[in-house]
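We have chain F; now place chain X onto it with these hints.
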Amino acid sequence: QKEVEQDPGPLSVPEGAIVSLNCTYSNSAFQYFMWYRQYSRKGPELLMYTYSSGNKEDGRFTAQVDKSSKYISLFIRDSQPSDSATYLCAMTNNNAGNMLTFGGGTRLMVKP
Amino acid sequence: GAGVSQSPSNKVTEKGKDVELRCDPISGHTALYWYRQSLGQGLEFLIYFQGNSAPDKSGLPSDRFSAERTGGSVSTLTIQRTQQEDSAVYLCASSLDGNSGNTIYFGEGSWLTVV
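Residue numbers (the working numbering), protein chains in the order written: chain F, 26 to 137; chain X, 784 to 898.
Hints are computed from structural coordinates only; laboratory data are not their basis.
Not the full set, but computed from the structure, chain X residues with beta-carbon under 10 Å of chain F:
| hint | residue |
| --- | --- |
| 1 | 789 |
| 2 | 820 |
| 3 | 827 |
| 4 | 828 |
| 5 | 875 |
| 6 | 889 |
Dumping the calculated SDA-like pairs for lysine to any residue here, alpha-carbon to alpha-carbon at most 20 Å:
| hint | chain 1 | residue 1 | chain 2 | residue 2 |
| --- | --- | --- | --- | --- |
| 7 | F | 27 | X | 843 |
| 8 | X | 798 | X | 898 |
| 9 | X | 798 | X | 870 |
| 10 | F | 67 | X | 872 |
| 11 | F | 27 | X | 828 |
Pairwise CB distance ranges (calculated):
| hint | chain 1 | residue 1 | chain 2 | residue 2 | range |
| --- | --- | --- | --- | --- | --- |
| 12 | X | 798 | F | 105 | 41 to 47 Å |
| 13 | X | 847 | F | 66 | 24 to 30 Å |
| 14 | F | 103 | X | 785 | 26 to 32 Å |
| 15 | F | 33 | X | 796 | 24 to 30 Å |
| 16 | X | 785 | F | 134 | 25 to 31 Å |
Remember, it's a predicted structure, so these values are computed and weren't measured experimentally. Glycine residues also receive a C-beta, built at the ideal position from the N, C-alpha and C atoms.
This is chain X alone, in the form it adopts within the complex:
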């Protein structure tokens, strides 16, 4: 596709359930990022994938959060045993590679509400 594609665009889930959020980056982009944006807040870095290298998971807030990237393209962010404080917009982004200065393109986000 032309841009970063995310699904679902909206998700309401019950506390304690697991959720999976999907990201399809721009074709040819080797770098992929997940950020979280809480209401009225800036973006918080979660995880970064670059090519076949081990991902940088330094931003994941707890061990309930995990992400994988299959075949160097599509990525899935999984949140286990969701809590109300997990309610946020989860934004995926991609860039040509991990070099500073390459433009990062964001998707529209997955809006997660935990009730």
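So that you can see chain F by itself, here it is in the shape it has in the complex:
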């Protein structure tokens, strides 16, 4: 079993839909949680960063962390075709030297 599990998709939604992306993890030591967006043939770019449990909102994006369930989510409101990309969750703990453990990524397609 992988340390971080993520549904690979693809997830196809119409423009304007609310998108929910999720990851589960097994290591209770993880405390820092990130979502990266990766366009085709590009490097990952950081979208959201959350420490410990709770919610964080940034524009159309909301990140949620539930450490008791070892479950994190990324919500995208009013999705746009430009949101079509692969979304990778990543996490680390205090002692990992900032080395990240990634999920396999979910491919999202937003259709106009």
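Just chain X now, kept in the frame of chain F:
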């Protein structure tokens, strides 16, 4: 430069040949990471450099893989006697230091194909 720079962006090599991939991190960043991303897969940690400390090589898949970082800046990842399963995107990243919570910035990757 403004971001993490990697070269070459694409490399096709014959099985058994050695390859070198270069990474130039963001200026002032002391932490540097190499990750590997196979087709349709997430990122797999390879190696981590922090300042002048000994690198964490725990993610290197075999002794054919090695990396060095000269002068605390530019890093080179070397793969000896390449195999077809080495075909992947090799991503370099850097952050201000190795403290958890500092943003990690990725380069565009070096796309390696072993034929």
